[in-house]
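Relying on the hints, combine the two individually framed chains into one complex.
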Amino acid sequence: MSETLHTVTVEVNGKPCTAAVPARLSLVDWLREELRLTGTHVGCEHGICGACSVLLDGEPVRSCLMYTVQAHGHRVTTVEGLAKPDGSMSVLQDSFCETHGLQCGYCTPGMLIASQALLNSNPNPTEAQVRDAIGGNLCRCTGYQQIVEAVRLAATRMRAK
Amino acid sequence: MLATHGDSAKLIAGGQSLVPMMAMRLVRPAFLVDINEIAELKFVAIETDFARTGACTRQVVLERDDRLAARVPLLRQALAWVGHVQTRNRGTVGGSLAHADPSAELPLAAQVLGAKLVLRSAKGAREVDAGDFFSGPMMTSVRPDECLEEIRWPVWNEKRCGSAFTEISIRHGDFAMVSAAAQVALAADGRCTRATFGIGGAAGTPLAFPGIAARLVGTELGDEAIEDAASEAAKETEPGSDLHATKEYRRHLARVHGARALREARERARSAK
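Chains as they are written, first to last, in the working numbering: chain C, 1 to 161; chain W, 1001 to 1273.
Honestly, the hints are just simulated from the structure, not real lab data.
Even glycine gets a Cβ: it sits at the ideal position worked out from N, Cα and C.
Each statement offered as a hint is correct.
Under 10 Å between C-beta atoms, here's a sample of chain W residues computed to sit facing chain C:
no., residue
1, ILE1012
2, GLY1014
3, GLN1016
4, LEU1018
5, MET1024
6, LEU1032
7, ASP1034
8, ASN1036
9, GLU1037
10, THR1087
11, ASN1089
12, ARG1171
Computed far set for chain C versus chain W, every beta-carbon distance over 10 Å:
no., residue
13, ARG75
14, THR99
15, PRO123
16, GLU127
17, CYS141
What follows is a set of in silico ranges between Cβ atoms, one per label pair, in the way DEER data are often shown:
no., chain 1, residue 1, chain 2, residue 2, range
18, C, GLU11, W, GLY1006, 32 to 42 Å
19, C, GLU3, W, MET1001, 12 to 22 Å
20, W, GLY1006, C, GLU3, 18 to 28 Å
21, C, THR9, W, PHE1031, 21 to 31 Å
22, W, SER1135, C, GLY14, 43 to 53 Å
23, W, ARG1028, C, GLY143, 36 to 46 Å
24, W, ALA1122, C, ALA23, 19 to 29 Å
25, W, SER1231, C, GLU98, 51 to 61 Å
So that you can see chain W by itself, here it is in the shape it has in the complex (with noise of 0.2 Å):
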């Protein structure tokens, strides 16, 4: 059907961000794709190294998995901001992926984590990292004959982990003004080994700082390290205006929020055994 259709087909999976885009008469698809039925789309698979989720999962299923909350915290973490229960019930990971809203939670995830997405055309698949993978606003890098696959999460094996999620809106569940995401980890003498995070809603994709988190790594993550690593990425953020925020007062967020996400995070990685 894509490799027919091209750009008038749209594959559809939970249809929450689709079908209210179609309802405002924002897209119009000639051919709607319905891959829910799809069983092979949809699983959660631990690997030492990575946890690979089907595309078509549904968000509430990755929210309630034990298993790779333990493995991926900053998932549950992430998909606690995500919607309502009523669109977490139908919405999917890679929905949420493929859809690309820059404020959205899980994107950040992808983007903060370095995951993998798997494409799949009729012609084959292809690996793409998220950093490449987030293109624009609801822009990424799947081309028109192509379906996301699966979602390959990176697990951290280090003993001492912590991540954390957080943003601020209007109401919970909203769009994200700002959201931020961290994770780091201890060595135990209790310096940064590795250090990961980032900013949503505050720039046309959201934004992963892996230079400056690398500065992170080898110190103690005190309280000032973390402001300054703050303040440089909010330096980096591009947000925009609107009703709800201008645009200083979003890299203010984008501030304090990085420097929650990284506190929070640090304070996890602390009380790890």
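For reference, chain C alone in the conformation it holds in the complex (with noise of 0.2 Å):
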């Protein structure tokens, strides 16, 4: 049976892209599978590991949580997204290699979207802060310390700019 495919145009990552999708594929398949933007990972497919999170429209959202028709006319921003224009990491992915915030880097790419979005928003946030940024995502490894230290780090330097 051929399920009915609507067709979505999602600016991803600054680059409009269109497509014809069935209703029930989720944000996160489609971006994954699809567009192969492979960055964004899939934990526990219902909401609780925060690895999904992507910018939509400038927010930390759960993309396993989207279906992809919804995110239709809306910008989505993937870790793919935070890199520099020339390929080489942020500020903020740079400070995560440097204060060890990654082991395994299941969490990482949610890690760096929900904390991208602090930093945008927020540029000297305190320890709270950044722990209650990143509260919504789980990291079995580190232990989260590296990776409030990660963002604070960053936020120092971006501050120095």
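Written out as structure tokens, the structure is:
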């Protein structure tokens, strides 16, 4: 049985993407399977782990809890969209490397998205604010300490610029 | 759509509860009706006696609204406990109420404040009190052909008013084991002129205790009166046991947190100018 397809246009990492998708296709599956933007990870698929976080119109959301058709006409930024135009790492990404803010890397794209969203609206977050911002993202390796350190380091560097 | 398909069609707003339930195959609607792009369902309007919010207004919008926080402070206090940034960015106020999780924060706030919910079908609209809206765990009086359209949050116009929301969960943002909310108003001499409080997560629906709260009126809201009220309220809870907490522990939490919410509300009212 073939499913009805719906045409959607979504701005993904600055580029308009048009596709025909079934209504039930989740946003994260579209990003990964169709657009091959596999930086965004799928963890729990029911909105608990935060690994699939992306920015929707600049605000962090869980892409496993959205259908692709619901992103029609909106802007999506994935972890691939955080890097600088020349492909080199962003200040935040560099900070994660330096403070060892990741081990297995599964939660990392979600952590980067959540903390970038925080830094966009709050250039000088307290430790409590960082912890609150990443509170919806599970990490089973780091114990979170180095992630918090990474975000605060990035904040210091971004303010210095 | 709802009139034609009845129970087999389901409205989807933020999808922060519905989609996980679909992912776990707990619900399998044949049709999803997406109401996210209906602009008329997204608004915050402050009036003298009510703050009106459109059902599809995102939780984050309510959380950031300073005028709303000034008029209905309990809402921002409750929202601080609702999920995480990512879920509040998508989740809607009406969605949380219509989902009616007994441990959710917004249903408790609605119950405690006595919010009014406007339900609309093709046949017309009707207004339901929060007390009649919640009928059981994840059950409401919304008929299959109705959509929650608007929520009217009562504004307390007394000068010395205070409210508080508190809860305990395994991790912040998780489902509450028990939550509590309170709002009180004081006269110039410090006596309580109006009080309401409630407990979430300790029965099939969020509970408010108007009878017990009425007995606080006229008192100075001393610690002893508050402890008594919270103990009475805890006796009326019907909590369940699970992996995280036994029903005895939940009842204990209901008493402790009920009293805590009342005390915090009192302190805020006392310091209000």
